[in-house]
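Visitor: Listed below, chain by chain, are the residues.
Protein chains: 2
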Amino acid sequence: MVNRSVEVCFSPSLIHLFEPAHKIVVVIDVLRATSSICTAFAHGANSIVPVANIEDALPYRDKNYLLAGERNGVKIEDFDMGNSPFSFMGDAVKGRNIAITTTNGTQAIHAAKEAKKIVIGSFLNLDVLADCLMNQDADILCLCSGWKNKFNLEDTLLAGAVVNKLHALNKFNIDCDSALASEHLYLLAKDNLFAFLENSSHRNRLKRLNIEKDIAYCLTPNTCPVIPVLENGVLVKL
Amino acid sequence: MVNRSVEVCFSPSLIHLFEPAHKIVVVIDVLRATSSICTAFAHGANSIVPVANIEDALPYRDKNYLLAGERNGVKIEDFDMGNSPFSFMGDAVKGRNIAITTTNGTQAIHAAKEAKKIVIGSFLNLDVLADCLMNQDADILCLCSGWKNKFNLEDTLLAGAVVNKLHALNKFNIDCDSALASEHLYLLAKDNLFAFLENSSHRNRLKRLNIEKDIAYCLTPNTCPVIPVLENGVLVKL
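Residue numbers (my numbering), protein chains in the order written: chain A, 1 to 238; chain B, 1 to 238.
These aren't lab readings, by the way, just hints derived from the structure by calculation.
Wrong hints could be hidden among the right ones.
One copy or two, it doesn't matter: identical chains are merged, so the pair holds either way.
[Stated by the list, open to error] Straight-line distance between alpha carbons at most 20 Å, and here's what the computed SDA-like set of lysine to any residue pairs gives: (1) Lys148 x Ser5; (2) Lys148 x Ile15; (3) Lys171 x Lys213; (4) Lys148 x Ile174; (5) Lys148 x Leu17; (6) Lys148 x Ser13; (7) Lys148 x Asp175; (8) Lys213 x Gly44; (9) Lys148 x Lys213; (10) Lys165 x Asn199; (11) Lys171 x Asp127; (12) Lys148 x His16; (13) Lys171 x Asn204; (14) Lys63 x His22; (15) Lys63 x Asp80.
None of the values given here were measured: they were computed from a predicted structure.
Could you build all of it, start to finish, from the sequences and the hints given here?
Guide: Below you can see the structure in the form of structure tokens.
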């Protein structure tokens, strides 16, 4: 049997180079969209519609959806919640449908729309995600949302964690330098992700927003063992 | 005095995100274009014209230029030389003008055309390059040529080496995750670059071409203490 491949794409604007149509794309936006999405499903949310623009979110209010979203890290005015995972917990989301739009994460989901399948990755669902990916029959592409199409460290570390778990199986080809680099960086960082990211650009950007607690939460593995998957444009729990 | 910044761009197709017009762009294609260019100037070449296409190179033959170039690692038919640095040595290049076109490196030079200044980087000229960059008055952007717009490890390691040398000065802001990642990877790899790249994708691609000797040469620092700089579309020695 031919080994499957696992690759990493560092920017949504480069995804066309990776021929996503035949691959399972793992969309990653650790700080904070995909962490918040995993949190919502772990807390009983029914569905989440990722929309690219604020205007596209507004009509969902009439359908009794919650509206969630941020731009440049700040909650959109009049929306029910921003992008903090702590807003996606408990009774606030249980049984609810949510429309979400964010600076990077939901843009990445849209960039991946040609994919064979789209799943959502974060540190919060790392182990169940890796287990799920092992048992699929297609090549894997981790898509880092980055920051406005630039590389970022936190998404790369999660991509590296996924690569590392699949690499250990000896059933995957890793002939992709960005996957190798991600794995190297993850192995450097894994014993203290929070300290490793201390000087990263997005961490500094978010420090100004006073969300250290969000960051610590988003870097804690395996607290939300759910796999959000996109079906007909809507994220649901697998 | 405001500190200068040093950033790293992992793909020529992302350079527009980095506002190159006010920056000194260091174009990097370790295997092998920028290594060959440094070699040529260290061996007395007069000038090198980087051209994007094979067709653009051909008219230079009538002007007594040497034609150099490869596609997918293989020398272009009827050209004087391919992309091996060993072709750019000695009497073959001394005093000569050269037109060169390569899969990645010359494309990256063209992608950087809006830059305030373009210089050529490789391990072969690392220390003189870093010294020169320290004494400029503009922000620095290292542009990795990559492989067909994808990230590659060897260019990233050189970018990381440049970042590391500038970082040590305490006069540079490093608020760019790709610069931080490059530096981490360089520090992991620096004691044995050759071994670190053993499994990289481009290394594997080039192994098929039987150019291990080229790779070892391209990873040896400071054998060619020259700084090629682009002036009016032509590379000359600074």
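Visitor: Evaluate each hint against the coordinates.
Guide: Consistency of the hints with the structure:
In this assembly of identical chains, lysine 148 and serine 5 lie within 20 Å of each other by CA distance solely across copies; the values are 19 Å between and 27 Å within a copy. When the C-alpha separation of lysine 148 and isoleucine 15 is checked against a cutoff of 20 Å, the pair qualifies both within a copy, at 14 Å, and between copies, at 13 Å. When the C-alpha separation of lysine 171 and lysine 213 is checked against a cutoff of 20 Å, the pair qualifies neither within a copy, at 37 Å, nor between copies, at 31 Å. Proximity of lysine 148 to isoleucine 174 under the C-alpha cut-off of 20 Å is restricted to the inter-copy arrangement: shortest distance 18 Å between copies versus 27 Å within a copy.
Taking the shortest Cα distances, lysine 148 and leucine 17 sit within 20 Å of each other both inside one copy (18 Å) and across copies (8 Å). Within a single copy, lysine 148 and serine 13 get their C-alpha atoms as close as 9 Å, and across copies as close as 14 Å, so both meet the 20 Å cut-off. Proximity of lysine 148 and aspartate 175 under a CA criterion of 20 Å is satisfied inter-copy only: 15 Å between copies versus 27 Å inside one chain copy. With identical chains, the CA atoms of lysine 213 and glycine 44 are never at most 20 Å apart, being 22 Å at best within one copy and 59 Å at best between copies.
In this assembly of identical chains, lysine 148 and lysine 213 lie within 20 Å of each other by CA distance neither inside one copy nor across copies; the values are 23 Å within and 40 Å between. In this homomeric assembly, lysine 165 and asparagine 199 come within 20 Å of each other (Cα to Cα) only across copies, at 18 Å, whereas the closest approach inside a single copy is 26 Å. Proximity of lysine 171 to aspartate 127 under the C-alpha cut-off of 20 Å is restricted to the intra-copy arrangement: shortest distance 17 Å within a copy versus 42 Å between copies. In this assembly of identical chains, the alpha carbons of lysine 148 and histidine 16 lie at most 20 Å apart whether taken from the same copy (17 Å) or from different copies (12 Å).
With identical chains, the CA atoms of lysine 171 and asparagine 204 are at most 20 Å apart between copies only, with a shortest distance of 19 Å across copies and 38 Å within one. Taking the closest pair of Cα atoms, lysine 63 and histidine 22 never come within 20 Å of each other, the shortest separation being 34 Å inside a single copy and 49 Å across copies. For the homomeric pair lysine 63 and aspartate 80, the shortest alpha-carbon distance inside one copy (14 Å) is at most 20 Å, but the shortest distance between copies (69 Å) is not.
When each numbered hint is compared with the structure, violations occur for hints 3, 8, 9, 14.
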